[in-house]
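Asks: Line order of the protein sequences matches chains A and B. Read left to right, the first sequence gives residues 1 to 526 (the numbering used here). Read left to right, the second sequence gives residues 1001 to 1161 (the numbering used here).
Mixed in with the good hints there might be a few duds.
What the hints assert, rightly or not - In silico EDC-like links for lysine to aspartate or glutamate, alpha-carbon gap of 20 angstroms or less:
| no. | chain 1 | residue 1 | chain 2 | residue 2 |
| --- | --- | --- | --- | --- |
| 1 | A | K211 | B | D1102 |
| 2 | A | K133 | B | E1106 |
| 3 | A | K206 | B | E1099 |
| 4 | B | K1161 | B | D1073 |
| 5 | A | K132 | B | E1099 |
| 6 | A | K133 | A | E177 |
The hints are simulated quantities; they were obtained by calculation from the structure and are not laboratory data.
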Amino acid sequence: MPNFTINGMSATVAEGTTILAAAKQIGIEIPHYCYHPRLSIAGNCRMCLVEVEKFPKLQIACNTVVTEGMVVRTDTAKVNKAVTGVLELMLINHPVDCPICDQAGECGLQNYYMKFGLHKSRFAIEDKVHKKKVQDIGGQIVLDAERCILCSRCVRFLREVTKTGELDFFQRGDHSEISIFPGRPLDNSYTGNLADICPVGALTSKDFRFKCRVWFLSGVESICPGCSTGCNIEAHFREDVLYRLKPRENEDVNESWMCDEGRLEYKKANENRLLAPALREGGRTVAAAWDAVLFTTAHRLRGSVEAHGSDSVAVIASPHSSNEELFLVRKLAAEVLKTENFGFTSRTPGPRSSDDFLIKADKNPNSRGAQLLGFSEEKFDRIVKAISGGKVQALLLFGNVLADFSDAEIGSLLSNVPFVAHVGTCAGAVSRAAHAVLPSSSFVERGGTFTNFAGRVQRFRAGFPPRGKAKNDIEILVGLASQLGAGWAFPGETAVFDALAAEVAPFAGMSYEALGSRGRLAGGSK
Amino acid sequence: MTIGVKKVARPRKMSFGESLYLIEIVKGLGVTIGHFLHNVAHNKDIPTIEYPEVRRTMPPRFRGCHRLMKRMDGTPRCVACYMCATACPAECITIVAGESPDATVEKYPVSFDIDMLRCVFCGQCVEACPCDAIRMDTGWYTPPDDSREKLIFKIERLLEK
Chain A
1 MPNFTINGMS
11 ATVAEGTTIL
21 AAAKQIGIEI
31 PHYCYHPRLS
41 IAGNCRMCLV
51 EVEKFPKLQI
61 ACNTVVTEGM
71 VVRTDTAKVN
81 KAVTGVLELM
91 LINHPVDCPI
101 CDQAGECGLQ
111 NYYMKFGLHK
121 SRFAIEDKVH
131 KKKVQDIGGQ
141 IVLDAERCIL
151 CSRCVRFLRE
161 VTKTGELDFF
171 QRGDHSEISI
181 FPGRPLDNSY
191 TGNLADICPV
201 GALTSKDFRF
211 KCRVWFLSGV
221 ESICPGCSTG
231 CNIEAHFRED
241 VLYRLKPREN
251 EDVNESWMCD
261 EGRLEYKKAN
271 ENRLLAPALR
281 EGGRTVAAAW
291 DAVLFTTAHR
301 LRGSVEAHGS
311 DSVAVIASPH
321 SSNEELFLVR
331 KLAAEVLKTE
341 NFGFTSRTPG
351 PRSSDDFLIK
361 ADKNPNSRGA
371 QLLGFSEEKF
381 DRIVKAISGG
391 KVQALLLFGN
401 VLADFSDAEI
411 GSLLSNVPFV
421 AHVGTCAGAV
431 SRAAHAVLPS
441 SSFVERGGTF
451 TNFAGRVQRF
461 RAGFPPRGKA
471 KNDIEILVGL
481 ASQLGAGWAF
491 PGETAVFDAL
501 AAEVAPFAGM
511 SYEALGSRGR
521 LAGGSK
Chain B
1001 MTIGVKKVAR
1011 PRKMSFGESL
1021 YLIEIVKGLG
1031 VTIGHFLHNV
1041 AHNKDIPTIE
1051 YPEVRRTMPP
1061 RFRGCHRLMK
1071 RMDGTPRCVA
1081 CYMCATACPA
1091 ECITIVAGES
1101 PDATVEKYPV
1111 SFDIDMLRCV
1121 FCGQCVEACP
1131 CDAIRMDTGW
1141 YTPPDDSREK
1151 LIFKIERLLE
1161 K
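Use the sequences and the hints to build the structure in full.
Replies: Take a look at the structure:
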């Protein structure tokens, strides 16, 4: 454990820590481009130069290990002059096309220029070396070779993390550029990360291209709803439109990465949304007030229980619901409707691709949570059988899809039930077949927790209120319960989670504070 | 604390002659007729103009309605960088950017709307523009119109002038 001094402050860090990492721990920022905590050290950008006593020259902080008694300074005139010089060198051939660059606003060059540069360019614009702009190199990435500062983060990412190595350096001197090999585009499921790790605008996202300027976006801590890995993400939105998902660091789940499929999950929160409650009357779906829809749903569920017994109602939960919502769904089914017919399925339509890194075949964020909360998949199959047999008189259905059934199958299956209430976010075969539509909120419009495949309970937060007339799922469930005569007092997800932690054994002892930013494993998980 | 009493001078009661207002009306008419006669005699000095047939010349730095500049080939000079929309304190500029068919241009505004009813004519958008693509030198203020929609100027209209 070497003890060293940096800018007059002394600190003790772990053996083998580099100056850059040590400074970060203490809260001193050393500018850098090529260094990335999850990649090997290249030491080629030379931005992190620092003065170390007894060294004749400035040293790069990213590749100099702290030793006992080392005295480091990052704030001297010599360091500043060197960093400014390095930055000027990098900007010599940079096209400075910030107005059309998507990186503007979160660009390493812009940020460090304002901090360390502020110099007038000594290089005539006609003398700049031009390289190929707007190259579609496959995956989710657009390459602009001109903007590149040759830090090699992307090259190392593709060699070390995905181990596919599609990008490399070509040419020499100021003509060097990164590129793919001819006819070999990016071919892996994690290309979106390249846009994140690129400190400049050389690699930008094809999907986010020109959609929005980044300074208009607000971010909220969230969990990717794309599969059961539960990658920690930051959801970026403006007003009530989601624009992109970015990975958030969590050593225990996704390190700093996320998959390309997950990055496009945001579209489901924007497109095809159900925005107003509706009732079907005589074959036509008409908009109705929330009270009317809740009343009708409750009335039909209770009517069915009273006329045909508790086996005539069924509740199908969704693994896209949070733990809190699932807890209330079970409570509603078991305690209020007093039925045994509640289940869920993790089957989903579409491809169920998976790999050995982040992508899981189970495309639901909370299947594990549903299992821990007592929902079973066998019961779902039994409910489906009962529906086909015409034994179900009223059905409360959560989620936008029904297992892996096609639209036609959903239509014909649900036509066997006299009353279907659908709680979901998007219009589709389920909402078309429903007699009552209760629009709920997407994952950025509500807060809660998901339990990932390994049993890690992780929190996602609300960014903005539900769109249109849609409501938070918890509000809908509490509303239904009160129409059914249960006096639930759950003002928000925190109260539900506390009740859940008190009642359900695997969640015992948990609270939102205890979950923190890395989540916590539910009891009984390996 | 006691409440302070302040004596206020009440207007005195008007006499019968005063309450008819006759003399005052005649006096007022005198002023009006005086101006009328003066204007008839000095026709040239009347400060009002017959808008909209006659229009005042604005000083060269007057900030009027916006226009978008064009390149030599007639395409908009604007690259949809959103600097004007960012600088705008009234949030009246709405831009949708798109991929330009011209690869050297890369980014161009698919739509560029200025809500003239919200605009405060501060000129921040002109200051912010890195391409000199937006100017307020038309010398013309917002023309009246009969609907709100017509006062949201679209890109075609902004490129016209």
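Asks: The structure should be examined with respect to each hint, and the outcome stated for every one.
Replies: Hint by hint, here is what the structure shows:
no., hint, in the structure
1, K211/A with D1102/B, "holds, 18 angstroms"
2, K133/A with E1106/B, "holds, 9 angstroms"
3, K206/A with E1099/B, "holds, 11 angstroms"
4, K1161/B with D1073/B, "holds, 16 angstroms"
5, K132/A with E1099/B, "holds, 16 angstroms"
6, K133/A with E177/A, "holds, 11 angstroms"
The structure agrees with every numbered hint stated previously.
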